[in-house]
Amino acid sequence: MFEQVVFYFFAAVLVVAGALVITVRNPVHAALCLVLAFFTSAAIWLLLEAEFLAIALVLVYVGAVMVLFLFVVMMLDVNLVPLREGFIRYLPIGIGIAVVVLVELVVVLGGDRFDLLPAPEPHPADYSNTRELGQVLYTVYVYPFEIASLILLVAIVAAIALTLRRREGRRGQRPEEQVRVRRADRVRLVRMPAVRREGLAEGGGGRAAAPGGETAPEAGE
Amino acid sequence: MPEFVTGAVAWLPHGLQVTILTVLKILAIMIPLVLSVAYFTLAERKVIGYIQVRLGPNRVGPRGLFQPFADVIKLLLKEVIVPAGANRGLFLMAPVLALVTALSAWAVVPFDQHLVLADVNAGLLYVLAMTSLGVYGIIIAGWSSNSKYSLLGAMRSAAQIVAYEIAMGFALVGVLVAAGSLNLREIVLAQEGSLLHWFWLPLWPLFLVYWISGVAETNRAPFDVAEGESEIVAGFHVEYSGMSFALFFLAEYANMILIAVLAAVMFLGGWLSPLEGLVDFGRVAGWSPAAAALLGPGLHWFVFKTALFCFVFLWMRATFPRYRYDQIMRLGWKVFIPVTIVWIVVVGLGVVFAVPPWFD
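Heads up: the sequence lines are chains D and G, in that order.
All residue numbers for the first sequence refer to the numbering used here, where the first residue is 1 and numbers rise by one.
All residue numbers for the second sequence refer to the numbering used here, where the first residue is 1 and numbers rise by one.
Keep in mind the hints are simulated off the structure, nothing from the lab.
Incorrect hints may appear among the rest.
Calculated from the model, a selection of chain G residues having no Cβ within reach of chain D, i.e. all distances over 12 Å [said to hold, decoys possible]:
| # | residue |
| --- | --- |
| 1 | Ser241 |
| 2 | Phe249 |
| 3 | Leu278 |
Per the computed footprint, the stretches of chain G lying under chain D, defined by three or more beta-carbons under 8 Å from a beta-carbon of chain D, are [claimed, not checked]:
| # | stretch |
| --- | --- |
| 4 | 36-47 |
| 5 | 123-133 |
All figures in this text were calculated on a predicted structure; none of them were measured in a lab.
By construction, the Cβ of each residue, glycine as well, lies at the ideal position given by its N, Cα and C atoms.
With these hints in hand, go ahead and build the complete structure from the sequences.
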């Protein structure tokens with residue numbers, strides 16, 4: 001009973017947040033609504049005792065992906081007027097596509113395709129969702145899991161390779177060279193003995209070297 | 001929970017009982033935490049003062065001990081100004097969001113073997129998720145203020161936190177592999193034995209990476225480019241005043257203490273005593289129970305280790321100049337992440353071959 005109330009509460013929040021994502025005008029607000037949607041779906045997963053998946057959803061999508069998304073959206077200076085110009089013109093096509101998608105979804109995912117199971121018995125307190133998931137992932141599904149991770153790795157490398165370009169005349173730091181620098185590379189100690197000039201008083205010995213230009217050019221070190 | 005409290009609410013229906021007891025437990029964590037935050041600010045000013053050969057605040061109360069209360073009263077009485085061009089709702093929501101995420105991670109912290117609010121199996125993951133949410137308060141604050149400095153601060157903070165979160169996550173993967181559990185209590189129990197059994201030794205590079213990433217994640221010096229007062233005034237909280245500013249302050253310090261607590265739990269054995277293995281606590285107890293309680297494992301060691309890390313936060317702030325932004329990015333992406341990946345492999349090999357004394 002209590003669980004059902006909680007479920008319907010989160011489900012309602014999720015649906016409202018999902019609807020707001022596509023109806024809100026401000027893109028930053030839309031992104032924040034998407035964050036709320038992720039968060040509530042994580043809460044629903046928690047109700048199913050899938051705590052690993054729920055927290056991973058928050059960690060990956062809310063904590064990393066949406067932060068980057070917001071980062072980009074905030075940098076954009078979106079002018080909303082031209083975006084809304086073609087709205088009426090494209091409305092019939094949009095409605096047509098929406099109807100087709102809806103019909104397809106109903107045909108494929110209609111209610112009679114699901115055998116509605118009763119809610120599973122709650123597990124005992126020492127049940128660890130993380131351990132179960134790991135055990136299945138690394139035994140039964142080890143090949144799909146490894147292949148999927150390899151594909152992701154290739155995608156990461158490709159994304160970095162796409163942005164990598166050599167530019168001429170770029171000035172940057174080379175920390176490894178900076179670390180390797182020794183005193184001898186940068187500092188040259190010059191020995192400048194004081195030279196007595198004609199016509200100056202005895203006491204002015206310290207100053208005498210400078211203007212005369214007669215300092216010995218022998219460099220120490 | 002002591003008996004007299006459970007007895008006092010025994011006449012209530014069961015659901016209500018659980019709720020009241022949980023709220024009391026939350027308060028038992030929150031009130032000491034808020035007090036430590038208050039005195040952490042004082043400690044910061046005092047410690048940095050002495051490091052810089054000054055005295056620090058010494059006017060309010062004996063030796064300046066009431067300074068935090070003076071600060072709180074001052075902030076409470078100041079006006080909360082909302083800029084004219086700001087997005088009002090988000091502007092007021094941002095500090096709340098920052099504080100909520102900073103406090104909610106405390107639910108799974110094990111203060112003692114039995115002293116933990118929520119003994120969650122995926123505790124480590126939960127902590128990581130909650131700390132990663134803290135960036136929303138900063139980003140939303142920066143954007144909704146509608147100020148250039150704020151937005152710049154928010155952008156810097158977002159990029160920095162995403163970069164260091166990966167390194168931090170990998171460092172925690174190492175801890176998870178070594179302990180064989182995501183439960184923070186079991187992670188501490190896996191370090192039992194002696195000072196040399198604690199994870200700081202086998203996970204030394206991960207310990208360093210975790211600590212530096214933690215400092216970067218809390219936006220503290222030398223990684224405080226999000227505030228960067230010499231470049232962008234005060235960064236994301238330029239436009240905040242009064243209590244809404246105080247909430248950001250509170251969140252930042254609560255996060256610092258949290259990072260210190262987690263470092264103590266995961267690398268320095270939490271509540272375990274450093275004398276374990278050297279002193280036979282059973283024999284000491286026969287001689288003097290009080291001495292055994294003091295030398296043996298307990299909450300006081302946990303507090304001591306946390307305080308040690310808190311001091312290092314202040315020490316680092318007083319010692320190091322601020323990093324340049326591109327250097328921060330380089331350190332996070334090109335140094336820390338490779339280091340952690342290599343060391344996870346090392347730890348994995350150690351676990352597979354059951355290297356004593358840590359992984360057997």
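Taking the hints in turn, this is what the structure says about them:
no., hint, verdict
1, Ser241, "23 Å, holds"
2, Phe249, "22 Å, holds"
3, Leu278, "34 Å, holds"
4, 36-47, "violated (count 0)"
5, 123-133, "holds (count 6)"
Violated hint: 4 only; the structure is consistent with all others.
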